Amino acid sequence: MAESLRHTSVAPLSLGRRVKDNLVTLAAGGAVVLVLLPLAAILAYLLYKGVGSINWAFLTQTPKPVGEAGGGMANAIAGTALILLIASTVGVPIGIGAGIFLAEYGRNRFGDLVRFTADVLNGVPSIVVGIVAYGIVVISQGHFSALAGGAALAIMMIPTITRATEEMLLLVPNAVREAAYGLGVSRWRTTLSITLRTATSGVITGVMLAFARVAGETAPLLFTAFGNQYWNWNVNQPTAALSLQVFTYAISPFDEWHRQAWAGALILIVLIMGAVSAVRIAASRGMLKGAN
Amino acid sequence: MGVGIKVDKLNAWFGKTQALHDISIEVPANHATAVIGPSGCGKSTFVRCLNRMHETVPEARATGRVRMGDLDIYNGTSAVQIRRQIGMVFQKPNPFPTMSIYDNVAAGLRLNGFSDRKRLNEIVERSLKLSALWEEVKDTLKKKSGASLSGGQQQRLCIARALAVEPQVLLMDEPCSALDPISTGKIEELIFQLKEKFTIVIVTHNMQQASRVAEFTGFFLLGKLIEFDKTEKIFTTPSDKRTEDYITGRFG
Amino acid sequence: MGAQTRPLITAGSSRVSDGIFQAAMAACGVCVLGLVLVIVYELIAKSGLSWHAFGWKFFLRSEWDPVNEQFGALPFVYGTIVSSLLALLLAVPLAIGVAVFITEMCPPWLKGPIAFTTELLAAIPSVIYGLWAIFVLVPLLRTYVEPFLARYFGWTSGITHRLGFQGPFEGPPFGIGMLAAGMILAVMVVPIISSITREVMTAVPQQQREAVLALGATRWEMIRTGVLRNARAGILGGVILGLGRALGETMAVTMVIGNRPEIAASLFAPGYTMASVIANEFSEATGNVYLSALVEVGLALFLVTIVVNILAQVLVWSVTRGMPARSNG
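Residue numbers (numbering that gives the first Met the number 0), protein chains in the order written: chain A, 0 to 291; chain B, 0 to 251; chain C, 0 to 328.
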């Protein structure tokens, strides 16, 4: 009896298989470490090299001429804010509008086309978006401008916001819409005051994520906003941006500028990480409140 | 006073599938009429045709004539306008999740442009009293959200919300099927009182409920109206054999 | 209560306002379509000059001479392909390893934090990757890694010389060059490949795993046959999506690749990518042909990334069957 059982189809768990299993677990864990290592290194270096240079002067002054120590990136921080503001005035309404269209009116072939196009738009390299914004805005204006930079960033924001808005609106149960229709509320009013309102925190999440993604972009600003060593509040003039400034300083041959590049990068990463983390925290609390 | 509904040869489709065949029925004013039948017989579809909710489903359509009093529901007015006069309570309570109790009840009025604050307060209070919820929530009207109430309370909130716009007819699509027996009892009691002011049509799969609350009952089967008569007669001496089979539990 | 009393609500039919609203929302949708059309139009229109001057051969020539207005994009195409493939070579095993660990091996309390940190990696802007690469990665390469590779893998030059070209680990170890570009790109595309792989692995139904386990498989064997095999197409899609990201990546690569329009077989040598040449030279390009040549490079980059991304989406969709796409960084 025991003899025949030994020849059954289930192979005994050999040492080889067990070793392999453990090795693979080790390898996978090793991969995680290898991947998290650069992250830790980058954040560590940013802190280490950047924190010392962040002081009141850095945050309030404009760059000093080459060779002089000191100065800051105040105009770059302001410039990023200005460009983001311009980008969102166009990008956020269109993005949310397209998202509403896809969720409420777009469950058809035309909607599929728009959805597909939004995903395509998401994958366009940012430098190419810069070329397009250059061609449309810079050429017609005759000079670089914050407007052009804002246009480029708006193009990049729209697909992210659109898909996020659509996803959030689809999470709102149909029963909520029906309740409104049953009261004799018109469709547009239902969509805005009931459906969108229920999905509000999720939509804000999407918008903030789009912001975070776009705030760090450099390539599309290289020949649209172009950069500026001085304060600029005129949307029709070249404007400084934090990401541009970090780039310019990093590739320069001056140590003083390298030091400031780290500081600027630290500020940039803090702003972005802050936005992403805030969104994550809000998502784990706020979103659930809305759609249930 | 409520008004009656007269339905004449109502047919309804979902795409190519026909859900209702030549329904003709007269729902009397200021009474409760029950609509019963096995699953899939078209009772929900029928009731949703009365306030034109049927057409919110893509590829759905209906033909025939439905009149509420003198008003032709399909040709005399828009769907949005008719729904302000024919209210609906759904199977699963669906208060607006981001709104307080007060805002929920006031929603139908506010979203349709009504803004008189003092009158709004009166209407909210009156509607909540009508739906027997006032005593339980009067202190937390604006603080608690509609979704934080229990199932039975939520449904009464939905009833109050529907009543706030002062409809003439109230449609109820299996309003108690998601509720516990105690809440069900409370709502049945409610229907009794509401009958005096409104015309009520209630879809139910619970025959005992039909006999408890409704004076008239219509029996639907496979999209057709088989029999419509006083509830007492339907349940004791039905004229059609199919009605009798359903009542006695031979199917459904 | 009823037909006699004045109705509370005097608002009328909403047909007109509903129509206007729907039109406005549809207009936003059309804007999205329009944007892509505008991009395509701009790129084609502005690259016309260069196209007429050089035709197809533009992508096969190596001469990049703005002074004499002779332009050929082969070095950039080469640089883009090599840096991206190198990045994938390094990133794919790591990304899959991370995904496997998170979905199948990780204790539940660790899942969230690791997933979150991988997403954080995706949120770091390209220019910051570049900054770190210049001042930390490149010196590392120059001082330790490249000499190490030259010493222990330099024998490969023996083989390649016989075939007529440089070895992969030949030449002075500047640090700056193709290897640096490939490595920083790898770090940047790991999050996206890993996140897609996780998504498709999670989409594999639990029954598949249980079926393999019931046959007496070890955990790794279960993962290999029960999950990875089923998710194959999706993982490939994730890899291709990573490729798409790598192809279009600009700033970090520009900062460490050396920006020399030459084709070299060695990984230690400087190179140039399509995105980098545009980033470096566009704002200073004098002359219409010069600008047009750069736009043509941009057009090619656009077309390649679009095709790659579409292919990737199709592959991912075939496994997840229409699960809503997450908005990745």
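Among the clues, some could well be false.
Unchecked claim - Coverage of chain C stretches by chain A, computed from C-beta distances (three or more under 8 Å per stretch; other residues unrestricted):
#	segment
1	85-97
2	120-132
3	242-248
None of these hints come from the bench; they were simulated from the model. Predicted, not measured: the structure shown is a model, and the values here were computed from it. For every residue, glycine included, the Cβ atom is placed at its ideal position computed from N, Cα and C.
These are the hints, each one checked on the structure:
1. 85-97: It holds: at least three residues are needed, and the segment 85-97 of chain C offers 6 whose Cβ sits within less than 8 Å of chain A.
2. 120-132: holds (count 11)
3. 242-248: holds (count 4)
The structure is consistent with each of the numbered hints, conforming to all of them.
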